[in-house]
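Asker: Those protein sequence lines, which keep their order, are chains A and B.
At position 78 of the first sequence the residue is numbered 78 (full-length UniProt numbering), and the sequence of numbers has no breaks.
At position 110 of the second sequence the residue is numbered 110 (full-length UniProt numbering), and the sequence of numbers has no breaks.
Calculated from the structure, these hints are not laboratory results.
Among these hints, one or two may not hold up.
No copy is singled out in the list; a pair is fine if it fits within one copy or between any two copies.
Below, computed lysine to aspartate or glutamate pairings styled on DMTMM-like, alpha-carbon distance capped at 25 Å [as the list claims (entries may be wrong)]: (1) K164 to E71; (2) K164 to E14; (3) K164 to E10; (4) K164 to D174.
From a predicted model like this one, the values you see are computed outputs, not experimental measurements.
There are 2 protein chains.
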Amino acid sequence: MERRSRLSPEREAEIFAAVVRLVMEHGYENVTMQQVATEARTSTATLYRHWNGKPRLVVEAVRHRRPAPLEDVDTGSLRGDFLAGTTAIVESGPDDHDLMSGLANAARTDPDLDRAQREILAAPMRRAVDTVLDRAAARGEIDADAPSREFVPELLFASLIAHKVHTGEFPDRDYLTRFIDHVVLPALGVRP
Amino acid sequence: MERRSRLSPEREAEIFAAVVRLVMEHGYENVTMQQVATEARTSTATLYRHWNGKPRLVVEAVRHRRPAPLEDVDTGSLRGDFLAGTTAIVESGPDDHDLMSGLANAARTDPDLDRAQREILAAPMRRAVDTVLDRAAARGEIDADAPSREFVPELLFASLIAHKVHTGEFPDRDYLTRFIDHVVLPALGVRP
């Protein structure tokens, strides 16, 4: 805690922005801590002290740029929550898509990155989805123990990734709306 | 046509096997046509004559290794077709998962590979899914114009990819069975 307190939120944001710029331009695998230190006008010692290594630094930078889908979303209906949480991501453009796909790929051969990504990106998203589903169950929109619950985080993640791979098109608001109405809500037993 | 007829199916299979070995070991981006030629004891001229370049050669090799999910599947029920088509892939182990994810990632920055992957891998899968859904509609299992049809190929693809990214675990037969029963079939209006 004490070690981290030496960076102001502004300084941290500058470092994260430098990380994201470098990863977008060169790809996760090709970025070095020295490059980040130079780009953010700091030292590798500072970077290691605060983030332990490249995996945590990069994943924290991606998380800082864009909170997990559904975090802090509460529109009053399950459909509204899903729409708000997913369209925010696609409307920011293809950059987040590229960052997520690139990290997911690098993580296949980098266990530290894989762990950092699951702890810092996937786990908060899964908890946020659980909160949204608990509220929907409390409102009577779904059964609290609907068996499809376990798949919802992966479906939302997939809705942002699979369409581009399969068709060459980035998902847009219309695609996500149809996906939520015709796949996610029916799986949860909600019919439009 | 005439140009291709000079390779026997056995010779083609050997070349494809060499391609898959090299891509698994080094990653798509790092494999050169010269390496493939050496490994498969042929010439780069032969490789270019038959496959035009690395994108088509690699994607054809991956397709040769493993046909698209659902191709040639016809069990007599929609649930049976989905199960047969997807579990065949996970039961072959993590190698196909790695090959698919690696290609999808490389395709993000390689338009020729992106096109080859969609034409040679994704399009046949989409047609196979359509055939399976048409048969299910003819049997009365689903509506012929169920609005979730457009998502089925991407759902099946996602079921093989998203779970690993999110949880660190490869999907197994149990996971896929639950996914089909609790997500894909309900989305199509089929209740267990």
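Asker: For each hint, tell me whether it holds in the structure or not.
Answerer: Going down the list of hints, with the structure as the test:
no. : hint         : in the structure
1   : K164 to E71  : both (24 Å within a copy, 22 Å between copies)
2   : K164 to E14  : neither (31 Å within a copy, 32 Å between copies)
3   : K164 to E10  : neither (34 Å within a copy, 35 Å between copies)
4   : K164 to D174 : within (14 Å within a copy, 27 Å between copies)
Hints 2, 3 from the earlier list are contradicted by this structure; the remaining hints agree with it.
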